[in-house]
Amino acid sequence: MRTFHIKFCEKKKIFFGISLAILVIGVICNIFLGTKLDIQFTGGAVIRYSYNGTIQQEDVEQIVKDASGKDVSVRIHEDMSTVNDPTQANNSVSISFAGTDSISLDQQQSIATALDEKYPDANFEVVESNSVNPTMGQSFLLKCAIAVLIAFVLLLIYVGFRFRKIGGVTAGLMSIVALLHDVLIVYFVFVAFQMPINDSFMAVVLTILGYSLNNTIIIYDRIRENRRLMGPKTSYADLVDTSINQTLTRSIYTSLTTFVAIAAVFVVGSIYGLTSVTTFALPMMVGIVAGCYSSVCIAGPLYVAWEERKEKKSAPAASVENN
Amino acid sequence: MKRVGKPVFFIVALLILVFTYTSLFGVHGQNGDNTITYIKGASDIRWGIDINGGVEATFSPDTEGVKATEDQLNSAKAIIELRMVNQNITDYELYVDYNQDHIIVRFPWKNDETTFDPEAAIEELSATAMLTFREGNEYATQETDADGNPVYKTPTGTTADTVILEGSDVKKAEAQMIQDPTTGATEYEVGLELSDEGAQKFAEATERLQGQIISIWMDDVMISYPTVNAVISDGKCSITGGFTAAEASDLANKINAGALPFKLVTTNFSTVSPTLGASALNAMEIAGIIGFILVCLIMLIVYRLPGFVAIIALLGQIGLCFAAVSGYFPFLNSFTMTLPGIAGIILSIGMGVDANVITATRIKEEVNSGKTLDGAIQKGNANSFWAIFDGNITTIMVALILMMVFGPTNILSWIFGPLRRVLSIPLVTRCWLATSATSSWASVLPA
Chain A
1 MRTFHIKFCE KKKIFFGISL AILVIGVICN IFLGTKLDIQ FTGGAVIRYS
51 YNGTIQQEDV EQIVKDASGK DVSVRIHEDM STVNDPTQAN NSVSISFAGT
101 DSISLDQQQS IATALDEKYP DANFEVVESN SVNPTMGQSF LLKCAIAVLI
151 AFVLLLIYVG FRFRKIGGVT AGLMSIVALL HDVLIVYFVF VAFQMPINDS
201 FMAVVLTILG YSLNNTIIIY DRIRENRRLM GPKTSYADLV DTSINQTLTR
251 SIYTSLTTFV AIAAVFVVGS IYGLTSVTTF ALPMMVGIVA GCYSSVCIAG
301 PLYVAWEERK EKKSAPAASV ENN
Chain B
1001 MKRVGKPVFF IVALLILVFT YTSLFGVHGQ NGDNTITYIK GASDIRWGID
1051 INGGVEATFS PDTEGVKATE DQLNSAKAII ELRMVNQNIT DYELYVDYNQ
1101 DHIIVRFPWK NDETTFDPEA AIEELSATAM LTFREGNEYA TQETDADGNP
1151 VYKTPTGTTA DTVILEGSDV KKAEAQMIQD PTTGATEYEV GLELSDEGAQ
1201 KFAEATERLQ GQIISIWMDD VMISYPTVNA VISDGKCSIT GGFTAAEASD
1251 LANKINAGAL PFKLVTTNFS TVSPTLGASA LNAMEIAGII GFILVCLIML
1301 IVYRLPGFVA IIALLGQIGL CFAAVSGYFP FLNSFTMTLP GIAGIILSIG
1351 MGVDANVITA TRIKEEVNSG KTLDGAIQKG NANSFWAIFD GNITTIMVAL
1401 ILMMVFGPTN ILSWIFGPLR RVLSIPLVTR CWLATSATSS WASVLPA
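These protein sequence lines are chains A and B, in that order. This note's numbering applies: residue 1 is where the first sequence begins, and numbers increase by one. This note's numbering applies: residue 1001 is where the second sequence begins, and numbers increase by one.
Since the hints were derived computationally from the structure, they do not count as laboratory data. Model, not experiment: these values are computed from the prediction. C-beta atoms are modelled at their ideal positions from N, C-alpha and C, and glycine is treated no differently. Please note that a few of the clues may not be correct.
Only pairs whose alpha carbons sit at most 25 angstroms apart, straight line, appear in this in silico DSS-like list of lysine-lysine [said to hold, decoys possible]: (1) B/Lys1077 <-> B/Lys1263; (2) B/Lys1379 <-> A/Lys165; (3) B/Lys1172 <-> A/Lys7; (4) B/Lys1172 <-> B/Lys1201; (5) B/Lys1172 <-> B/Lys1263; (6) A/Lys12 <-> A/Lys310; (7) B/Lys1379 <-> A/Lys143; (8) B/Lys1067 <-> B/Lys1077; (9) A/Lys310 <-> A/Lys11.
Which stretches of chain A does chain B cover? Using the computed rule of at least three CB atoms under 8 angstroms from a CB of chain B, they are [what the hints assert, rightly or not]: (10) 9–18; (11) 95–105; (12) 115–127; (13) 151–157; (14) 249–257; (15) 274–282.
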């Protein structure tokens, strides 16, 4: 079997540099592109109708505006695959309402009636509709944030307790840094691809939290074991490097199998045009890679850097005591 | 460690395969034209509205800023339930969030319905309740609900013409327990308290209709038809009739809903058409199979025989995923499966071999360091156990947090519910599946 001898701790500056560079690019993207919160969090309304034949965007906009008394933006999706046979076309039109208010059922019904009047042959049918009250959206967002926060605290406590022999709290804190790194990268994927932050985002973040921590813990477990085997005199850098290298095969294969499975979902989802699936699978793929990278290249070396600093600080103090 | 015999491996493998097969395909029998389901398979899973299409709405009682009481919410829930049955929607989910004053309703599109109007359906569900007490119990149509009980609809004749009391005449209704003074048996009844005006009207009516029936209607449905036993002049009366505790409180809730002066506001509302979801299920099936094959290939190429063992363990794990959501085990309720839930299952295919990868890598390491195969397996298993344990405990913790924060009634848990189960159940079993499988794989090696 191949054993790796990569000096992770020596090269930590490169690894930290790569991560920081990605994070900086992410922040820049965020400044320019902004963050789009889904109406699940902000409140608001979207309706999508399917229709036959052709309709005019401006007309639809005007009709809906008159019927609902709100500013709207209308987007028409024409089905290109059936361009030769327009009767089979699978066209749809999305109507997004301005503001964060939900729309009432009455408004929704009057819109449908108005559209049918203008285009009697278009045969409008609701494909999807979503209307969320803003106060409910905010409480939903708050709950999601609380869940992530509690997850961090509990994981810190657990890692602190289980790995107390190798300085559990430090190990815990460093694993949290690695987790934050992963969460940020997942977030930047949503920003870069202009996907609105919605419940898919929460699902991905929480899954990646568990996944990436699992990776980190496998490495910490090896450090804990090697501390026992290699004795207390081994330097932190040696200890952690050995442990990371020993677990590297496992880290790579597990990430590979997970990545392959979710990549299959992404590819098939894209072919079928299932946005609810691809917006979940794409950030998940990136998150798995980030989670593997952060566990191997960030959590361990960061832990070493911290412990070495602590040793340097306490060394002069100890020598004073000896005198 | 005592080496487990070859038969043990094959028995374990066979059991896993049988379990996985039955959990995926179920066990069905044929009795004449009816298919009997003995064990539920993947085809019996309830699909969420993002796959089957359907409607989701959140109602809040319009109490003008004052927090609704639990009774008010229960009444509102009772009325929605009644109207669901009334609209022939039997396959619905209904949750009440008492903290947030929300009532969440989800129901799929009906298969045979092509002109179903979700807006109208939701509007009907949230309309202010119309409670009436009418003379007689003449009705136009009789239907049967999902439990086989008759439902009487639409008053006719005198019953349609003579309204004795309306919702505003009723102060409150309450389920009560009384003891029969002669036999000592406990009975349940519904106590009614009427307003002054209602008491007056009711006194006149009960005098006129001694020994006859006064029926109680909610919207278009008759919910009770008691016989008048005495003249009620003080505005306090009770409806008796061999109720169980649940029946009595159900009736009281319905009457209260008609008496309460609040209406339901639809705060959230979303619909998904069935055509949108249909191809999604198909796509996820393909994705799942491709993902599974790829993972199997990786495991076989990298680990050979232990990889093959891992695949059998993985099959068992996938079987467990489906069993957990389909209601395979009689003690576990079936769960509604959504698209992210299926994506979660596929994700767990990839993550599922983790324990096997850890153990197999450790065993390889021990073999490389010059141990005998037996010794290596023993050492490798022992060394990898705590890593698998700690790693999985933290994942389960994340799953539990989701459940605690969002509660079982929230929209999010509807999405995460399957995902959570799918991720956490295999995690628990993964430990023992991996250890038992790898400890028995030695037996198939040429000794």
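Hint check:
1. Among the hinted pairs, B/Lys1077 with B/Lys1263 is consistent with the structure: their alpha-carbon atoms are about 12 angstroms apart, no more than 25 angstroms.
2. In summary, the hint linking B/Lys1379 to A/Lys165 is supported, as the alpha carbons are separated by about 22 angstroms, within the 25 angstroms threshold.
3. Taken as a hint, the B/Lys1172 and A/Lys7 pair is broken in the structure, with Cα atoms around 77 angstroms apart against an allowance of 25 angstroms.
4. Proposed proximity of B/Lys1172 and B/Lys1201 is supported: the alpha carbons are some 16 angstroms apart, at most 25 angstroms.
5. Between B/Lys1172 and B/Lys1263 the CA atoms are separated by roughly 17 angstroms; this keeps the pair inside 25 angstroms, and the hint holds.
6. For the hint pairing A/Lys12 with A/Lys310, the CA-to-CA distance comes to about 17 angstroms; that is within 25 angstroms, so the pair holds.
7. Annotation: proposed proximity of B/Lys1379 to A/Lys143 is violated, straight-line Cα distance about 45 angstroms (limit 25 angstroms).
8. Annotation: proposed proximity of B/Lys1067 to B/Lys1077 holds, straight-line Cα distance about 16 angstroms (limit 25 angstroms).
9. For the proposed pair A/Lys310 and A/Lys11, the alpha carbon gap of about 20 angstroms is at most 25 angstroms, so the pair holds.
10. Coverage of the region 9–18 of chain A by chain B is violated. Counting CB-CB distances below 8 angstroms, 0 residues qualify, and the rule asks for three or more.
11. Check result for the region 95–105 of chain A against chain B: holds, 3 residues qualifying (beta carbon to beta carbon below 8 angstroms, three or more required).
12. Taking a C-beta to C-beta cut-off of 8 angstroms, the region 115–127 of chain A contributes 3 residues in contact with chain B, enough for the three needed, and the coverage statement holds.
13. Taking a C-beta to C-beta cut-off of 8 angstroms, the region 151–157 of chain A contributes 3 residues in contact with chain B, enough for the three needed, and the coverage statement holds.
14. For the region 249–257 of chain A, the stated coverage by chain B is satisfied: 6 residues place a CB nearer than 8 angstroms to a CB of that chain, which reaches the threshold of 3.
15. Coverage of a stretch by a chain is defined here by at least three residues with a beta carbon nearer than 8 angstroms to that chain's beta carbons; for the region 274–282 of chain A and chain B the count is 5, and the condition holds.
The structure is inconsistent with the numbered hints 3, 7 and 10, although it conforms to all the rest.
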